[in-house]
Each structure stands twice: as C-alpha cells, then as structure tokens.
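Protein chains in written order, with this note's numbering: chain R, 1 to 341; chain A, 1 to 341; chain X, 1 to 341; chain G, 1 to 341.
Calculated directly from the structure, the hints in this document are not laboratory data. Take the hints with a grain of salt, since some may be wrong.
The list treats identical chains as interchangeable, and a pair is accepted whether it falls inside one copy or across any two copies.
Straight-line distance between alpha carbons at most 25 Å, and here's what the computed DMTMM-like set of lysine to aspartate or glutamate pairs gives [to be verified]:
#: 1; residue 1: Lys329; residue 2: Asp102
#: 2; residue 1: Lys135; residue 2: Asp276
#: 3; residue 1: Lys200; residue 2: Glu136
#: 4; residue 1: Lys200; residue 2: Asp184
4 protein chains.
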Amino acid sequence: MTVRVGVIGAGMIGQDHIRRLTDVVTAARVTAVTDIDAARAEEVAARVGAVALPTGADLVGSPEVDAVLVTSWGPTHAEHVLSAIGAGKPVFCEKPLATTADDCLRIVEAERAHGRRLVQVGFMRRFDAGYRRMKEVIAAGTIGAPLIVHCAHRNPTVPDAYRSAMAAQDTAVHEIDVLRWLLDDEIVSAQVLTPRATSKRFEHLKDPQIMLFETAGGVRVDLEVFVNCQYGYDIQCETVGEDGLVRLPDPAAVGIRTAGLHSTPVLQDWKGRFADAFDTEFREWIAAVETGATPTGPSAWDGYAATVITDAAVRSLESDGTVVTVDMKPRPAFYATGGTA
Amino acid sequence: MTVRVGVIGAGMIGQDHIRRLTDVVTAARVTAVTDIDAARAEEVAARVGAVALPTGADLVGSPEVDAVLVTSWGPTHAEHVLSAIGAGKPVFCEKPLATTADDCLRIVEAERAHGRRLVQVGFMRRFDAGYRRMKEVIAAGTIGAPLIVHCAHRNPTVPDAYRSAMAAQDTAVHEIDVLRWLLDDEIVSAQVLTPRATSKRFEHLKDPQIMLFETAGGVRVDLEVFVNCQYGYDIQCETVGEDGLVRLPDPAAVGIRTAGLHSTPVLQDWKGRFADAFDTEFREWIAAVETGATPTGPSAWDGYAATVITDAAVRSLESDGTVVTVDMKPRPAFYATGGTA
Amino acid sequence: MTVRVGVIGAGMIGQDHIRRLTDVVTAARVTAVTDIDAARAEEVAARVGAVALPTGADLVGSPEVDAVLVTSWGPTHAEHVLSAIGAGKPVFCEKPLATTADDCLRIVEAERAHGRRLVQVGFMRRFDAGYRRMKEVIAAGTIGAPLIVHCAHRNPTVPDAYRSAMAAQDTAVHEIDVLRWLLDDEIVSAQVLTPRATSKRFEHLKDPQIMLFETAGGVRVDLEVFVNCQYGYDIQCETVGEDGLVRLPDPAAVGIRTAGLHSTPVLQDWKGRFADAFDTEFREWIAAVETGATPTGPSAWDGYAATVITDAAVRSLESDGTVVTVDMKPRPAFYATGGTA
Amino acid sequence: MTVRVGVIGAGMIGQDHIRRLTDVVTAARVTAVTDIDAARAEEVAARVGAVALPTGADLVGSPEVDAVLVTSWGPTHAEHVLSAIGAGKPVFCEKPLATTADDCLRIVEAERAHGRRLVQVGFMRRFDAGYRRMKEVIAAGTIGAPLIVHCAHRNPTVPDAYRSAMAAQDTAVHEIDVLRWLLDDEIVSAQVLTPRATSKRFEHLKDPQIMLFETAGGVRVDLEVFVNCQYGYDIQCETVGEDGLVRLPDPAAVGIRTAGLHSTPVLQDWKGRFADAFDTEFREWIAAVETGATPTGPSAWDGYAATVITDAAVRSLESDGTVVTVDMKPRPAFYATGGTA
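Using the sequences and the hints given, assemble the complete structure.
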C-alpha cells in the first residue's frame, strides 16, 4: 500500500520534502498540495502529478489524502495540526509544533482526546546515524551514567532576518529535542550567556550565545550557538559519563595533504549534514503510517516541551543571563511510552 | 514511468538487490524473478508481487520486463547478458561480467553490434561518496598528476571455500575497477607477492597477498589483500601525486574514551561499508534506464578489462611473483566515452 | 657559567625538579637543599653532591646559591619568596605563589620595591608546545578575535584528601593561568556549576564541576573539571574566534586496530602529559637567570591574579553557583611587560 | 663524571651534535674538535671551550678525549672508527658506518678482535618515542605475528646533488635499520620499482621509488621513498600482523578550522620530526659510555647490515627492478645480544 500524502506549504522546505517523498521514500506518494500562494501550489503539484487544493482544510478533508505534512509558515502550524487530528489523520509537522506553548498544549489535549497518537514533529536529529549510535552507547552503559553534555551548533552565516531569540527558537531547539531524547531526561532550567558579539554579523544580533541547561536528573549541558562562525556548518556533541565519554563523529571526508597542511573539508550547510537523517525520518514515518503503528519520532508532547524550554532560554537571554526555571506541565501518561524512538 | 526489472538469480545478493529496487529505488519495480531453484524464485517473487518464470530466457523475453538484473552464478552471467543484448534490453550484471576474458569479449562484440550501450557491471565503488570525492580532488589537480596509489582491502575472515586465486578474482577486482576509473588510466602489468601466510586461515590459502600494478601512464599501485585480518572490514586507499596526496576517509564512527583508550568501532562487513554506494548505483542505473540515457556505470569493456587484469594477477600468483603483462585488446572507440561516471 | 640552585623543599615535586636541574638542564647545578625533614634534605642533597642546610634562610643566604627554587608546603611559600627577594636572588616558586591574596600582594610589593623582577611562578602550561602553538595561531589572527574558550581538565582519580575547593585551587588554577596568557586578557568573574556528582568518588566531593569565566574583553570560558573521570588524564582546550577555531592536540600516540576497534591510548597522569613543558620551563628559567634577563615565565602578579580568581571560583562554589566578581587590584605598570612569555 | 667527547667533522651535522652534547646532554662535554677545514675547527671549538686538533688521529689519541664522535665526510668514517677501536675508545659514528660493505666488515672484525663493543651507529629512529611504542606493541603480541609493513618516507624537496642511488643509501637506510630492529628479523632481498618520475625534480633523478623488502621470516615491506613530494616531511609506518595493525602517529599538531577546512600543519624537515629522538640517542649513548655499559644503540653489525641491504637496493634500481638477494655474512655470536635497544 502506498501512503498518499497531502502537503500544506510548498515553500523551500515543503518542496524538499515533496522531492523526498517522491524520489526517496518508495512507499509514499504526494497526492495533494496547498499553499498560501495558489500559483506556487499549482506548479509544485503539477511536477509530481498531485492536485492543488485551495486550503489546508480542503486538503485535510480530501479522500485522496491518507496523511498530512505541515510545512507552512510557523504561526499556521497549530491550526493545520488540529485540523488533521480532527479528521483522525496522521500528521507530520515541521518544527515548531506551534509558536506558543498554549497552542502546543491545545494540540496535546486534542490528541489525547482523540485517544491515539497522530502527530510527529520534524526534529530530524533523532534519525541521524551518529546521534543514534551515541544513544546506543549511552544506553548500553559504556560510559556510565551521563553527567555533562558539551555541544556546539555553528552556521557559517545567517540572513539579516535572524533575530537573537531565534538562537534558541530556531537553532538550539534541535539540540534541546535531541538532548531530551539522548538522555531520556527532562530539562528543568535554562540560562543564556552572551560573550562579546562577533563583529561579523548584522548589528542587532547577539551572536555567539552560550546556553546552559540543567536536567531533572542533574545533568548539565553547555551549548555554544554561533550562527556567523564563518568557517562552516559544524555540529559537535560530547556526552561525559561516570566512566568515560562518547563524541559525535565529524562527517566522513577525504584527507588531503598539500602545501604544508593536512586538511579535510568542513560542510557548509545543514542539508548536507542531515540529508540521510531526513531520509530516514520520512521512511520511518511513512512505514509507521502504512502499518498503523504509533510513530516512533518526536511526539506532540516533545513539540510542547521544546517550545517551553526555548521560551525559558529566550527569557534568560532577555534578562541578562538569569537562570530561568522551565515552566512545564507534568507529562501525561499518554506520552509515557512510544514518544521516543 | 516505473522501470520494470526482471531478476535472474534469487540468492543472497539477488534478494538484497530486489529489496533495494523495491524499498529504496522509487522509480523501479521488480516484476519477474527466475532462479535455478524454482521454489526459491516463487517465494522471492511472491514477496514483492512479481511473477516467477522458469528460465532466464523467459524472463528476458517477457513483455513485463523493461530491464534485466543478473545476479545468478558467475558461469551463467555471459549467457544471460548476451540474451538481454539480443532482446535489446538494458542489463545490469553483478561482477564478474563473465568468468573468462573470451566470454567478456563476446559480450563486448555483441553490444557493439547492437550499436548502443546496454550493459552495466556491478562494481559499486565508483558510487561510494569517498571514492567520488577522491576522484574529484584528483581531477581538480589539487594533488598534481598521480604517481602512486597505496591500497588495502581487508576482511575479518573468509569461509573455507575461498581459494588463493579469489584474492584477485573476487576481492582485488573491486580495487582494479575503481583504480582504472579513479586514475582514468589502464593497468598494463601485475605482480603478486606472498608474505608468510597468517596462521589464522584454512591451510590451502595464501593470505595475505601484496599485488603490484603498473599503469600505461607509469603509476604504480600496491594493494594489500588480507582476507583473514581478524579485526574488521577495512578499505584503505591513498593516491600520491606530484603536489600532495588524498586519502579515502574511514567511515564516520562515534569516538569513545573509556578505560585508558580512545576508540572508534571498525566495521565488520562490506554491506555496512558500501550500503550507500549500492543504493546510489541502482538509483543512477534506473534513472539512466528510465530516460534512455547511456548508463554512467562500469561498461562491458570495464568488465572485460577487470577480467583480463585479474587473470594476469592470478598467473603471477601461480608463478611465484613473476611480473605478468596484461594481455588486453585495444579499447574500441565505441567505449571511448560514457564508460566512466 | 653554571647557575647554582638552592632548593627549599625536598618532597616529591622538589626531587623531580632536582632531577631535572641535574640531568636535563645543562646550565644548572643544585648546590644546596633544605627541608623540614633534615634527614630527607641530607639524603636528597647527597645524591647530587649538594649540601643540606638547616633552614630556608640559611639556603637563601648561602654564597653557594645563585637562585632559589621553592617547592615546600604551600603555606610556607610566601616567607621563602620574600626572603629571596630580600637577598636580591631570582626565585622560582611552585604554585601557589602564596595561599592568600594578601600574601601574594606582599610579594608583589616587595618585588616592586626591589625594582627588578626576581620571581617566577611554576605554571608550566605556558611552556607546553601545544599551548604555545595555539597562542601563536591566535596572535597571528588566523581565527580572528577570540570569543569563547572551551576547556576540560580530567584526572582519572584523586585521593581522599582532595576537597571540593581544590577543583579551583589545585586543578583549574592551571587553566586560569594559561587562559590569561593565551588570551592576553583578564578574568573578571567566575561562576561554578555542579552537575550531579559522580558516584565514583569520596562522599564529600563535588565532582565534576563546570566553571564559567568572563574576561574584561568579553570572552566567555567554560571549563569542565572532572577529577575522577576514570578513563585517563585528559586536557582539552578549544578557542573559538570570529573566523574559526584552534584546538589543542591530543598527545601523539600509536594507532592500533584489533578486535573491531581502532584505538589510541590515553595518558594516565600529568607527568607524562607535561614532562616536556617542565623541561622547557626550567631550561628557559635557568637561561634567564644565567644572562640576568627578566624571566619570561609567569610573574608574581600572575601568581596573585591566579589566587584572586580561584578565590572567586571557590566563593561561587560555596554559594550555589552565584556569579562572583573577581576582586583584583589594578595591574601595576611594573608588570605591564615581560610578564608573559 | 662528565664524559669528554672529541668530535671529528665540524660541518652542519657535527655542529648540531656539538650543540646537543653541550646544551642538552648534561653528562657530556665537548673537549676537542677536528675538521678538514682547520679554521672551522678552531671556530667551532672556541664556541664551546674545546681545543681544535689537526687530525682525527690526534683527537682519538688525546688524553682529554674519553669518547669519539665521527661526523666527517662518509668516505672517511671507516678510518676514524678503526682508529678509535685501536685506541679502545667508544665511538659514535653518524651513518653510514662506512661507504662499502668491505670497510664495514673490517670494523666489525676489529671490534671483535678488541673483544668488547665500542661502536654505535647514528640511526636515530630507534630512539623515537613513536617507533619505540610501536616495537612494544609488536613485542607484546597485541597485533599478532607481523606479516607486512607499509612505509613512506617523504621530503618536500632535495638539492641538485641528490642522486637516484641516494634514495636507498641516504633516505631508505633509516627505514632499513629501524625495520630490522622493529621486527627483530633480517632483510634477505630487495627490489626497487620506479613509477613515472615527478616533474618537480632535477632531471637526472628517479623520484619517487617504491622499495620492496622481504625478511628471513617472510615479512614483506613496501616503502615509498619520495624526496620531492612538495607538501612536507612525512614519515609513515604501519605494521600489519595476524591479529591487527599498529601505526606510527603523526606528530601532535594543533587543529584549526577556518574557511571551510579543518587543518593541521605538516612538518617541513627531519630536524623537527626527530629532534627528541636525537636528544634521547645521545643521552643514552653518553649514559652507556659513562657507566662502561654496552651501548644499546645500533651496532657495527647493524651498520654493516644497512650497507649490504642498501647495496642490494641500489643494484635492483640499476637493473630495472630485478629482485636482488642480500649478500650478508652470517651474524657473529658477538653481536647476538645487546645490539638492539
């Protein structure tokens, strides 16, 4: 059985996922597309033999759509996800699940009321081979109980539209999700420190930032977010436990010796870094939809938690580095299992 | 358009490729299967909704088959490939193209007579990201003109059925093909040296072996083949040029520090090492078949060349390390272009 | 001319330095030794043909002593250093310069009154080849202006006598000194966070600790101190600047592939890690003494600064991670130059 | 007791060793110098407070000389070493021991007649920390019995005076000595292959060369000698055994990430690469001389063996890659022990 997917939002990310569902995931087919720009929806739909529909509601309601992919503008996510839950259809929502914690909670409540998990949020790092191997090593007890995690998230540059709060909301949010999953632990406080800002940025921006998190279990995390680091796209993660440590590999790259240097290239964007993770993410999501299984990826609860934690980080940033306690509701039993791959 | 593939030979490799064509390559579908063991053909075909056919000839002739995949026992390859050429259908043949140079030449002649390239041989390393990056670096002139290549091909163990000549025929043949492509040069002589054999092998086997090749352009290659190295599956390749060198990366792997050691795991089999290369190989082959383009992978001529060169290596092995000149026909203009990706 | 060195304190470190001055530093000779344990002084002195003297004052006053090395118990350092300054003799004092900031200031004042730099403090990392190369790279502008430094200081285990405050006073003090020198910048605040403590320690100890420092120039430092990390002695340092980063190398070690692992050994103690740095430290000190040049190593002011900064870190530790401002006097012009190698 | 060393030959290497004996090796002192250029001998001697003597014979006979260091022009080595043996004085001879196998044998015979080992030959790699650790790993059985060694010896460039035969005599001779010691095995044949020569060399030179050696125990060695590799001075060695492999480390070097590259510097000359090995070599030699112990370094026999093996390699080079059997006398019992550190 081929899963028929309807896509809400045909921008850059939406088109990339449509290509993936078409060319990489054999068990899926895109059958419907909608976008705020109807002409773009038409054009993108035509390329893959899908129909363009006027609204998200039309798409969710279409009998030609088995599952919904939400890649529209962030503030519209909640409405479309709630609509899909209302229709009882599996829905994959690119991050964020919603732009406010309250909207995330409404989704969580709607899903619980529906009685079965329908929502998966697009945090792709859980599907990256390196992070998965790291989680296995931790789970196997090889390094003992985790105590500290050191992370860095570096981009070569960001556009003018990037604001200081986005360091938490758009960038660190990936580490926030993957750390909760890696440690199987909850983040309870956040603190954001600001080194002298790099001169190589737009004036308004606090970059780099150092984010400090503490978990319920007492693990401390330090995360450097540096989105104008110039030299490349570079993701580092090292977990230190009672008996040793485990470190995320750098991507495999040829070694070259010339002119007095041994060198290896550093990637320049996240697409190259996480291309395989995106493929795996969608393959596994489609496989779960196809068989009616509970999705193994990040749940609506994970989407809510990420939003609440990034809110705390932003409040710390805006109050000069105060430690901010994460204001998270108790986790419902409904999300106790099956929420993490 | 979905390419309908018929598979001749439903053994381990055949089944793995059937899985790949079904689950990974969206543009392909397996529609027919045949095997010397009819029951196995039935069972494998049933799994993917294909029909089982009595013979390779039936399969090649079936109107439900657009392209043929040959993964049967080596000595039968030539017959099936010739049959596919006769039917004017694209054919992907697992290595070897044929077990004798004469049979390879018959295929080359048949393809030339047909007038258009139909054959691709299953040397997957040309599709590995590391080798491809290495070829780009060489082609860009970064290391200057190549002079020497150092290679190692190590397997943890091999079964009792493995014979000394197979070090060239089954193992080194992958390096032979990828080196011709990497250097865009032809191998003109072979010499095989035998160090003291490891005690960790079946009695009859000369293992390890050191193979030395010289190219028409004067490049020297040394290749260690060690198929009972115990510690893992390990592929090394370093090309030294006039200005520097480039080295194949080890596969990305988490780094672990425990108990006085920094360690990274070494892979244990070729499947893990070349899984992505196999996927790319079949995606590109199917894409070429779908659009009617000339296949970009190894040609029938490359299959012939590999066989002639491994023959020379085996003769050297059997004559105590004499230098053996490769007895290769002149390359027809027909194969002058398009034969290397 | 051979420099005749008198050594105050013939314990483990004292004996190691006596061996170094005797066997490694050709231009030096140990001529006098004193120790609170007179028998030990006799024994150690006899080994190298030196005389044993009853007190530090006797040793400082001896006409056979050109320069003084203080390796006695910390609380006695100030007295001996002041005595050497009084005698106008060069003095090398193992860290700490003194156990209180006030005593350090008294030494600073005495040296200024003397009018010429006589004191060098034993922070050996400034003499380590890796740190030196890192400083060159930073100074050359290769990575742009520094913004962040990530450090880790790990010991396999520590004895029962180790107290939580010693993480700053005895362990992090090395990073504190080397960072001031590396960045040519002053540390202005300290904050100490405590992850859940490892279970593999004596009960009283907070281990690991994460120390955060800010410099006058706005650079942020995070330093993991983990003195029961089990796996080895491991020093990490990475400086991130506006254009890139530079990382301290791991010590060169053979790579081994066996049993499915690629591994390199991790050192188990600081002696192996910094043996060359100690040799260089004493060679350069003796060379300066011999020629009457200003010592290039850490000055009395650096000793004072390290003490004030570790005091701030300890206060933060004892007040649950409050940010503590470093209470440092203004740097006298006397120490403006020549204080850092 | 300070060992008083007389130095024959005050050229570049001689001066470097004089500096080492003066500044680094505390137990030695240079007391006499001679050189074919008397003015140079005067000047160099004056610098370290030694006397200049007219001839090597004068120097060997001087009562102020306990041990002799021969760093003169190669063809004069034999004469001076024989003279020192005649005087019963320990003699350290830079490689080669002598320029002909016959002269080496005369030295061996003279030393045996003297009845005690007096000669050490200047192959410094046995004193390099990486090779020593490699030997320990092999001796411990960690990688099982050795079967193959892969080596590379690369220099950025060589001067016009460098001839093709020097690739064996001056360059590969270091590997030849260290391999005999590493494997505790004898080399029995040599074969030299010549890839197309690099265009970046003087016209007369065959560069690079690939040297193949076989040992009595059946180990096979391949050694790339490439003395105009442009990019740096790079020494590689990997020993493959029945259970795994061990690889010489690259020198520790800071890692830098800038402008899309992760890079580490490559050394540019052998002085930096083997500075510590030279220091250790002389420290251990002087320690043996001082105590009257048998020197632990390469013996006269090792000097003879290296010469015979390089002769075989040169003959192979001059006969287009023929396999040449090494024509070595049986090893006398006199050299059975103590000859390798």
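Next item on the list: Indicate which option fits the pair Lys200, Glu136 if close means a Cα-Cα distance not exceeding 25 Å: within, between, both or neither.
Entry: So Lys200 and Glu136 pass the 25 Å test across copies only (22 Å; inside, 39 Å).
Next item on the list: State whether the alpha carbon distance between Lys135 and Asp276 is at most 25 Å within one copy, between copies, both, or neither.
Entry: both (17 Å within a copy, 22 Å between copies)
Next item on the list: Up to 25 Å between alpha-carbons, please classify Lys329 paired with Asp102: within, between, both or neither.
Entry: Classified as within; 11 Å inside a copy, 51 Å across copies.
Check: Between Lys200 and Asp184, at a C-alpha cutoff of 25 Å, which is it: within one copy, between copies, both, or neither?
Finding: Answer is between: at 22 Å across copies they meet the 25 Å cutoff, but 37 Å inside does not.
Checked against the numbered hints listed earlier, the structure breaks none of them; every hint is satisfied.
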